[in-house]
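Novice: Respectively, the protein sequence lines represent chains C and H.
Going by the working numbering, the first sequence opens with residue 1, and the numbers climb by one from there.
Going by the working numbering, the second sequence opens with residue 1, and the numbers climb by one from there.
Hints were generated in silico from the structure; no laboratory data involved.
Incorrect hints may have been included.
[Said to hold, decoys possible] Quick list of the computed label-pair ranges, beta carbon to beta carbon:
#, chain 1, residue 1, chain 2, residue 2, range
1, C, Gln-433, H, Glu-61, 39 to 45 angstroms
2, C, Lys-432, H, Thr-54, 20 to 26 angstroms
3, C, Gln-433, H, Thr-25, 18 to 24 angstroms
4, H, Pro-116, C, Ala-145, 45 to 51 angstroms
5, H, Pro-38, C, Ala-436, 32 to 38 angstroms
6, H, Asp-252, C, Glu-155, 48 to 54 angstroms
7, C, Asp-64, H, Ala-88, 45 to 51 angstroms
8, C, Ala-436, H, Val-170, 33 to 39 angstroms
9, C, Lys-432, H, Glu-27, 19 to 25 angstroms
10, H, Phe-9, C, Ala-424, 18 to 24 angstroms
11, H, Phe-221, C, Lys-461, 29 to 35 angstroms
12, C, Lys-8, H, Thr-25, 35 to 41 angstroms
13, H, Thr-54, C, Ala-436, 19 to 25 angstroms
14, H, Asp-163, C, Lys-461, 27 to 33 angstroms
[Stated by the list, open to error] Not everything, but these chain H residues come out facing chain C in the computed CB check (under 8 angstroms):
#, residue
15, Pro-134
16, Thr-185
17, Met-187
No residue lacks a Cβ here, since even glycine has one placed at the ideal position from N, Cα and C.
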Amino acid sequence: MAAKRFTKQAYASADEMVFGSSKSPVSYGFGIKAGAGRVIPELNYGPRPGSEKDPARLKKEYVDYISKDAILRAVTLGFPDLQLETEWVSQMGQTKMAQPVVEGQKAICEKYHEEYGINLAVRHTVPDQREAEEGIRVGMNGKHAYPEALFNAAEVACENGADVLSCETMGGKELSDYATTNGDIVAFLFGVGYLGSMDMEYVWSEFCNICKKNKVIAGGDTNCAGANTSMFMAGGFLDNDVQRTYSAVTRAISAARTMVANECGATGPDKDCGYEGPIIKSITGMPAAQEGKNCQCAHADLQGNLMAQVCDLWSNESVEYHPEFGGSSVQCWLGALGYEVSLMNTAAACGKDKELRDLYMISDRFRGPEGHILAYDNAYEIGKAIAAEGNNIYLRAKAAGLTAAKIIKRSNDAKELQLTAKQADVLADMIKQLEALPSEEDKFVEYCVKQYKDVPNFCMKNYGL
Amino acid sequence: MIDYKGANFDIVLKRYDVAAQNQETPESVAKKMLPADPIFKKVAEEVLYMRFKTVGPVVAEALKERKPLDVINNGLVSGMEVVAKLYADHIYYLPEIMMAAKTMEIGIALAEKQIPGGRETKGLVVMHAAEGDPHDIGKNIAAVMLRSSGYTVTDMGKDVAVDDVVDEVVKSKPFLVTGTALMTTTMTAFPRVAKKLVEKGINVPLMAAGGAVNRDFAESFDLGIYSEKAPQTPPIADRIVKGADWKQVREDWDDIVGGI
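Go ahead and model the full structure; you've got the sequences and the hints to work with.
Specialist: Dropping the structure here:
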């Protein structure tokens with residue numbers, strides 16, 4: 001199915017956006033309704049090292065330990081909803097490893113839904129192991145046949161009990177890695193904004209077919225491979241390998257790419273680690289899964305509160321299963337997640353959701369440029385720039401990056417958002433570079449193919465060109 | 001939106017990054033560190049200011065007046081030493097390191113052509129990202145840093161099978177093997193590599209690194225040593241070259257990586 005481009009925003013104003021409510025709610029699993037008036041906690045986990053050794057051990061880890069522990073803790077604490085997310089470990093690329101886990105999680109959700117009435121669902125996020133050097137499209141005859149394995153994994157998930165299908169696709173990573181290590185925003189625009197969007201269309205058209213055939217919700221994607229790499233390398237106040245102004249602009253560009261899943265038919269909820277979610281929600285109106293303060297088990301970032309502002313599912317990103325004083329790790333982190341969600345839903349029930357949204361947002365609005373551009377009013381402004389150029393994947397990604405850069409500059413000029421001298425220099429340079437790019441797609445591609453021809457593993461054939 | 005104008009954000013947030021900005025510039029640091037000899041200084045400045053398009057002609061000119069090994073050590077490497085200082089002082093960042101290293105490598109390649117038998121390397125390092133793991137940006141950065149510190153690197157890439165790593169080590173006999181992993185389920189490849197190496201009687205340090213790996217894990221199996229981030233790799237390699245085995249590196253680890 002060809003992608004149907006978004007050229008308008010779903011929301012008439014930024015203020016319309018709030019956590020727990022989306023323009024297009026989605027129902028699935030055992031009673032889960034995403035974006036329908038309340039936030040759902042989404043728990044993600046990793047099995048202990050060694051449990052991936054055989055199918056029986058892996059199933060026991062995911063189903064009998066992790067899922068059971070989490071669901072019973074949710075019941076213990078009175079949480080009405082819980083979505084589980086299983087991000088497949090690479091070994092689950094083998095059907096014999098994956099199938100028992102998918103079937104087992106479906107069965108345990110059904111059991112406890114029937115027993116306690118708790119609303120439950122499982123998102124399965126299949127692994128994208130494709131490597132640019134081997135070819136990232138089906139039939140390119142790579143040693144590992146990873147493109148074929150990707151679609152096979154989606155089939156296995158959907159045929160055996162997934163409620164939601166997601167993926168963290170890797171298209172354009174050879175260029176985004178180069179871009180981030182060399183501070184080259186044009187390479188990022190080309191790799192993620194342009195080629196990444198093409199790869200998204202290739203992958204998600206097929207994912208949506210698989211989901212439709214199996215009556216599974218096509219959730220969505222995330223630019224974890226690109227924008228999260230730059231965000232994590234930019235790090236916190238003691239790190240700075242990559243400038244946070246660069247990281248913020250890559251985030252905006254990634255929104256134009258990640259929303260392609262929705263243009264191919266995905267309905268949301270999209271992936272928690274896609275920090276571009278607020279921008280995408282402003283355009284698609286579809287439920288957004290997000291993470292922040294309650295994902296410190298996985299990583300730290302500078303917008304822990306802010307990311308809750310317009311979420312529909314609230315996630316812990318991932319925690320390895322292990323014992324803690326308060327129970328297993330999944331139980332402890334679900335407790336933190338669930339109580340945060342409870343606070344949001346209490347605010348909604350009392351008609352104070354917009355006030356809480358604003359407090360979440362203001363607390364991190366000036367912590368750094370990455371959070372600043374994702375503050376819902378700024379995210380909406382970036383969404384507007386994307387939608388205005390919605391029919392052209394190059395122009396909209398460029399518009400996203402340039403708008404984000406100018407928002408940062410505007411706030412810095414107004415002495416609201418502080419920047420280091422280096423961050424400001426990099427910002428000025430990015431604005432100059434993005435403004436100098438041609439307005440014609442073919443000229444941009446011609447320039448980039450020449451400019452980046454020596455980037456390791458870069459091959460236009462991977463993108464059908 | 002709630003009106004936040006006038007709110008006291010000092011009780012919410014402290015921008016340590018803004019407060020800790022270094023007031024020095026590349027020029028002021030370079031003034032103290034660049035070689036006095038004008039020919040070497042010119043070569044060093046090519047690296048310092050990342051002029052990868054012009055480093056070739058500048059090195060070619062220098063080679064008419066100076067010995068190739070001196071152009072490398074007193075010019076190109078001197079420039080990289082200033083870059084390393086700027087990086088340590090948070091004046092330069094990763095992109096500058098990458099571009100300066102690229103510039104230096106262009107210059108070294110030119111100068112090496114005039115050294116019979118090539119330049120002596122400090123040693124060979126075999127690097128890989130773990131089997132099943134497609135994340136290799138950290139390895140790639142560490143490889144650049146090792147090369148610019150004078151080491152030779154065999155980069156096996158990402159998603160490398162355990163047996164392939166072992167075979168490469170047997171074949172090329174490096175003094176250090178590195179592996180990176182982002183996932184806890186792929187980092188389990190490292191003890192398997194180590195076990196097979198031990199079974200073959202090979203006592204080479206295996207550096208485990210990457211987002212999923214911590215020091216405790218890296219030191220939980222024989223041969224295993226840890227690197228938290230890419231810039232720590234060259235000083236650890238230096239210590240091994242000076243004679244430390246994997247047990248000694250563990251003992252001295254905090255001292256070796258210091259404030260890096």
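Novice: All the hints need checking, so say for each whether the structure fits it.
Specialist: Comparing the hints with the structure gives:
At roughly 32 angstroms, the beta carbons of Gln-433 of chain C and Glu-61 of chain H sit outside the given window of 39 to 45 angstroms. Checking the proposed 20 to 26 angstroms range against Lys-432 of chain C and Thr-54 of chain H shows it holds: the Cβ atoms sit about 22 angstroms from each other. At roughly 23 angstroms, the beta-carbon separation of Gln-433 of chain C and Thr-25 of chain H lies within the given 18 to 24 angstroms, and the hint holds. Under the hint 45 to 51 angstroms, the C-beta atoms of Pro-116 of chain H and Ala-145 of chain C, about 47 angstroms apart, fit the expected range.
Evaluation of the 32 to 38 angstroms hint for Pro-38 of chain H and Ala-436 of chain C yields a pass: the beta carbon distance comes to about 36 angstroms. Distance hint for Asp-252 of chain H and Glu-155 of chain C: a CB-CB separation of about 52 angstroms, consistent with the stated range 48 to 54 angstroms. At roughly 50 angstroms, the beta-carbon separation of Asp-64 of chain C and Ala-88 of chain H lies within the given 45 to 51 angstroms, and the hint holds. Hint check: Ala-436 of chain C to Val-170 of chain H, Cβ distance near 52 angstroms, so the stated range 33 to 39 angstroms is violated.
For Lys-432 of chain C and Glu-27 of chain H, the hinted distance range of 19 to 25 angstroms is satisfied, since their beta carbons lie about 22 angstroms from each other. Taking 18 to 24 angstroms as the suggested C-beta distance range, the pair Phe-9 of chain H and Ala-424 of chain C conforms, at roughly 20 angstroms. At about 41 angstroms, the beta-carbon gap between Phe-221 of chain H and Lys-461 of chain C misses the expected band of 29 to 35 angstroms. A beta carbon spacing of about 48 angstroms between Lys-8 of chain C and Thr-25 of chain H contradicts the range 35 to 41 angstroms that was offered as a hint.
For the pair Thr-54 of chain H and Ala-436 of chain C, the supplied restraint of 19 to 25 angstroms holds, since their beta-carbon distance comes to about 22 angstroms. In this structure the supplied range 27 to 33 angstroms holds for Asp-163 of chain H paired with Lys-461 of chain C, their Cβ-Cβ distance being about 30 angstroms. This hint holds: Pro-134 of chain H has a C-beta 6 angstroms from the nearest C-beta of chain C, less than the 8 angstroms allowed. A hinted interface residue such as Thr-185 of chain H counts as satisfied when its beta carbon comes closer than 8 angstroms to some beta carbon of chain C; here the least separation is about 4 angstroms, so the hint holds.
Because the beta carbon of Met-187 of chain H sits about 7 angstroms from the nearest beta carbon in chain C, less than 8 angstroms, this interface hint is met.
This entry does not satisfy hints 1, 8, 11 and 12, going by the numbered hints stated previously.
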